[in-house]
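Chains as they are written, first to last, in my numbering: chain A, 2 to 634; chain B, 1489 to 1981; chain C, 380 to 546; chain D, 9 to 128.
Do not rely on the hints blindly, as some may be mistaken.
Cross-link-like lysine-lysine pairs, in silico, PhoX-like; alpha carbons within 25 Å at most [said to hold, decoys possible]:
1. Lys45/D x Lys457/C
2. Lys468/C x Lys45/D
3. Lys1855/B x Lys118/A
Between beta-carbon pairs, the in silico distance windows are [unchecked claim]:
4. Lys1855/B x Gln385/A: 29 to 37 Å
5. Leu626/A x Leu1500/B: 49 to 57 Å
6. Trp1557/B x Gly623/A: 35 to 43 Å
I should point out that these hints are in silico values taken from the structure, not numbers from a laboratory.
The structure presented is a predicted model; accordingly, all values stated were derived computationally and were not measured.
Glycine included, C-beta positions come from ideal geometry on N, C-alpha and C.
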Amino acid sequence: MQYTLLILLLPLLSFVVLGLMDTKWKARVAGSVGTLVLSVVAALSYYTAWAYFSTANVGGIYQKIVPLQTVWMQFSGQLHIDLGILLDPISVMMLVVISTVSLMVHIYSLAYMKGEKGFERYYAFLSLFTFSMLGLVVATNIFQMYIFWELVGVSSYLLIGFYYTKPEAVAASKKAFIVTRFADLGFLIGILILSFYTQTFDFGVLNSGNAGIFASASGVTFMGASVLSWAMALIFIGGAGKSAMFPLHIWLPDAMEGPTPVSALIHAATMVVAGVYLVARLFPVYVTYTPDVLHGIAYVGAFTSLFAAVIACTQTDIKRVLAFSTISQIGYMMVGLGVSGYGGHEGTGYMASMFHLFTHAMFKALLFLGAGSVIHAVHSNEMQKMGGLRKYMPVTHLVFLIGCLAIAGIFPLSGFFSKDEILAATYMYSTGLGIGMSFIAGLTAFYMFRLYFNIFWGKENSYEHSPHESPLAMTIPLVVLAFFSFFGGLIPFGKFVTSDGAAYTGETNYVLAIVSVLIGITGILLAAAMYRKKTMLPDRVSQSLGFIYQLARNKFYVDELYLFITKNVFFKGMASPVSWYDRHVVNGSVNGLAVVTQWVSVKIKGIQTGKVQQYAWVFLLGTLLMAFLILFL
Amino acid sequence: MSPLLIFVLIPLLMMIALFFTNNRKQVNLISLSGSLLLLLSAIALVVLFWRERTAGNTAQMLFAADTVWYREFNIHIATGVDGISVLMVLLSAIIVFTASLVSWRIESMPKEFYTWFSFLAAGAFGFFISIDLFTMFFFLEMSVVPKFLLIGVWGSGRKDYSAMKLVLMLMGGSVLVLTGILGIYYLTGAETLNIVELAHKNIEQPAQSILFALLFTGFGIIGALFPFHVWVPDGHSSAPTSVSMFLSGISMKLGAYGAFRVAICLLPEGAHQLAWIFLILSGFSVVYGAFAALGQSDLKYINAYASISHCGLMFFAFLIFNETALTGAFLQMISHGLITALFFACIGMIYSRTHTRLVSEMGGLMKVMPFIGVGFIIAGLASLGLPGFSGFVAEMTIFIGAFQNSGELQRWFTIFATASIVITAVYILRVVGKVLYGKQEHQAYDSLADAYWWERVTMITLIAAVVLVGTMPSWFSNMIQDGLAPLVAGLVK
Amino acid sequence: MAEQIIFYILAAIIAVFSVMAVTSTRLIRSALYLLFVLLATAGLYLLLGYHYLFAVQTAVYAGGIMVLFIFAILLTQKPGERITPEPLKQRVLAIVLSVAGIAFCGHIVYYNFNRVYSFVKEAELPTKQLGMTLMGTEKFQYLLPFESISILLLACIVGAIMIARKR
Amino acid sequence: MGSILENFTSGIIPMEAYIFVSFIMFFSGIYGFLSRKSLLMVLISIELILNSADINFAVFNRYLYPEHFEGFFFAMFTIAISACETAVAIAIVINIYRNLNNVEVDSLDELKEPEASDEK
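Put together the whole structure using the sequences plus the hints.
Here it is in structure tokens:
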């Protein structure tokens, strides 16, 4: 299966060519080249998936296949960084997801970004991102993953800052990069600790279940936790940064300053789930050796999910609502992983999480692209400027509705199946957590339909020029994604992706399913009551909630807290004193040395009066003394 | 006479040729052809070296030659190269080539400028190819003095102060180095100054530690180790662009290279004894430099402090004493040399157009000069350690190597030092965001020209080198390990 | 006996006028005292039997050099002008050093000279022998220094004219 | 002093007597050199010093090595040299007088860095 290399190389090639050609090519040519390459990549990915799932199943277990592996950098000792391609159920699944969404975004952007300055650059960056993300998922070892991890970070940076003349976009891109970079620091230290004890980077070795490789770490503890727990927790911090887990979530809402298709691709479907993917990738290690960390992941995920869902209910920028919804849904996936056990029915959470990742990618990309279509028509992100758009944009309206229903978990759309599995796994783990997650599911339905009703129903705004349906290049990807969002849930996921590779069919918990759907419908009805027609109800509700509403509206002031910390602690408390210290103390001491030297020289110079008689006096006195010494001593 | 001496001869011949020039065109022609010749010779050297090695030549130093200079004190002109010095020569050649191009249109006295610059280059090349302590020191000094003139005459800002400070501090470093060299010479029986032969001789313990402290501090001053780094910010900021490139690209590497070749390799026991002090200093240097860079407002100052941070990492890696970290240290030398040269080149280009280096005065330059902007961003991304560029490879090799050390102190300091990658990201992105992105500060910037062809060649050469190191690190690490292999046995305990 | 008396007279002249020469506040008097000292020295040479040296001393010093001095003094000094006395500190320091020097040297001379010398009672040195010695090139003959001195003299004449001439 | 007095009667003038005379002349010269401001006085002092050296040359020659002429000739050469020296020195003095209108030693500090005298 060495042709899988092409899946990586083609986008890279496309990036290099587009990047070098820059403005020498016409925008349309560049876009077509990028899209064409991506369609080839997508075709290859589908073929890989088909080939993998049809051939790799040996004895009921999906094997890990490494079609290509080369030593990139050999260190002394046993450590080496390899570059290779690892095919196993989750990486193949991710290949499909990434190439599908990326292709859709490529096509969509042809129309959406038309006439933008830097269109070629945009496609080059998209190719770069696709390359990096694909490289991340097929990484054979944790260091390769880190390499591509950084690359997706920078592609995200470049794409968020695409409108580089806009200060908000620049600030957002900077924020995104630095926050994730900070998290990556944890990732890196985690890798260092892990590799120090295991002497390997390779996923195959780490996940082999061979306890011997962790032997040297056993018994080593630091501050009450085993050193392995520290390592895995630090690695999770890396994942938490990319996946915008609380408290590292602050960059994601701001990242919406980038072009909307980019938000769909990077900040909804693919890159932000890299953290989930990372945990899933190292799942055997987490579940076997550091279950404490895994439990922590579950609670972090659950809290983030609730936190983001509450904020999402109050935002008015439609992209931000979607961003918080993304955070919330990723929290779901983390919970799924966190509550999972290893193998068989125990591993439902793992399967559900991956399943949710898959379906979420589809319907969230759909929602973002739909929102993009709306923004394209209305030229604004604000809910207040919208309303009643269902008449003007029927296709968008329909697909957006499908997306909302899917995320709300309404039967038989894809979201229902994946979310239901997660809830089932959570109830298996802890009822309290399960009830919480069910509540979040209701919140999700509520805020999504708040969004939906505000855009497509509600009071009709007076538009400067009447909004119209988007061009075909934009609606086709929407329809395709809507199709996946609708029917994606029917895939028997448990047959393909499980924690131990062995297929199983989870029995559906009908009670739970029905209750979940009911909760979802309740949320929808609530939203309909409040937002379907222009009423005073929302204002009254927000006023009665008062303080809490304000808190949520301002995202619980986490941004302000960060700003305070960076401004006052980081810059004023660290950087300025250090540079002051350097300029004045270190530099001053060197200059002081020079001043002292000069002072001494001036003093010594005073002896050189230039008066012959003084010299002669000293000279004669010296002669006398010396003669005296020679003769009498 | 060794064939390696052409690296010294070419710059000297350039000086002679420059003497007979009488207009800018001729000066440019000679400097371009000379530096191109140097670059080609360096590439040829790499190829020849690798061919010799694959042919099975296992001598530690290839192309070695030894000419007696002054018999009484065993002073020889001994030259030879191993994998490390070959790469250093290549690095110097790339920097000299690009730096010559950057000053293509230097305003005043081009003839004299290039004459002194060639002299500087001769010193740097000579340092890397010599394997005799005296010759090494000779070339080290040769590369110090012209800096005074180059900064003092062609510099900007407080150039007299900076030139004086830089040269005095470097001279101070040289004094310590000279003392150390003499100590080594006499304590090993005053028989030889050849570093290959000296490596087999032993010096008694307390003396070793003292000599190590002297030499490491001396080279540390040249290599900008905290707290001896104060010449770096002033020197870099006052120097003309090409000299800044040379300073941070090669000069600081002279210090690091010497610290390893002389201080660590010849005095391993002293090194082990005192490693902890310098480990703390250099580990601190890494984070300190990064923080200090964060607090600056002048582009060159920012990059100068970034250099301090990155050079601290080299010294840090040296003191870990394992092959991986040492490989990383040399990768970092190459990587930092290239990246920082690229950075200074871009800053110089921006400065020559906007006539300011204050970050607050700039903005939105990406639109006006996209080529330089892209180069600047690439330099920034490479500097903050993005995979695919050399910085990542070097830093990661150092971190992985350093973390393999069994000492608790070493590992804690590695974790401490890794924090720099975040801070680096902060100040780099801050600068990129302010200078290139955002809205334009002055309308006058609209009419600024993008890069000229010589500037494009400079940037493309450097970027290509950075990407090559970043994507094909094993070529370079193999060369380095080739040089390290005979040395490392005596170092690793 | 007569020699002794003459010697002590000369010695007294030298001692007194040396001191007076360097302490006088009038330059022209100083020069005059110096002349006395130089003449008395010439007398000492005569006592030693060095007649030729006596002649040289009288002619060159007392004749030539003194004339130069007097001209210089007359050129640079107003008649009758007194020199303002130097600061006391400077004089005291100089006296201290001079007295210490005399004491030191006197101590050495007093305790170390054992009269190993012999005084030759020849009336005078034959001038012819002197001339031969001065012009010879053998051992203990001084043509080369003589020529050097001639050149030096020439150089000094040229130099003095160069320096003193009006520009 | 006893031996000097003794020699007074013995008929031969002792060498110490000559040496002592030359000491007095020498240190008078030293005193003058160190204490006087006028350049001409300094020159006069130098003449005294040179002259005392001449006496020593002659005396040592006569008393210790009467068969040789080194002392004699060097005394003679010294006289010649002092003549040269005086000639040049006086030329300089006159030149200085023309430029500075006085001949004091202390005023000859043109070559010195001016700031040091400010600090004094």
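Checklist entry - Taking the CB of Leu626/A and the CB of Leu1500/B, does the distance hold inside 49 to 57 Å? => result holds, 53 Å
Checklist entry - Between Lys468/C and Lys45/D, is the straight-line Cα distance small enough, at 25 Å or below? => result holds, 13 Å
Item to check | Hinted pair Lys1855/B and Lys118/A, Cα distance within 25 Å | outcome: holds, 11 Å
Checklist entry - Does the Cβ-Cβ separation between Lys1855/B and Gln385/A fall within 29 to 37 Å? => result holds, 33 Å
Checklist entry - Taking only the CA atoms, is the gap from Lys45/D to Lys457/C under or equal to 25 Å? => result Holds: Lys45/D and Lys457/C sit about 16 Å apart, inside 25 Å.
Checklist entry - If you check the beta carbons of Trp1557/B and Gly623/A, does the distance land in 35 to 43 Å? => result holds, 41 Å
Checked against the numbered hints above, the structure breaks none of them.
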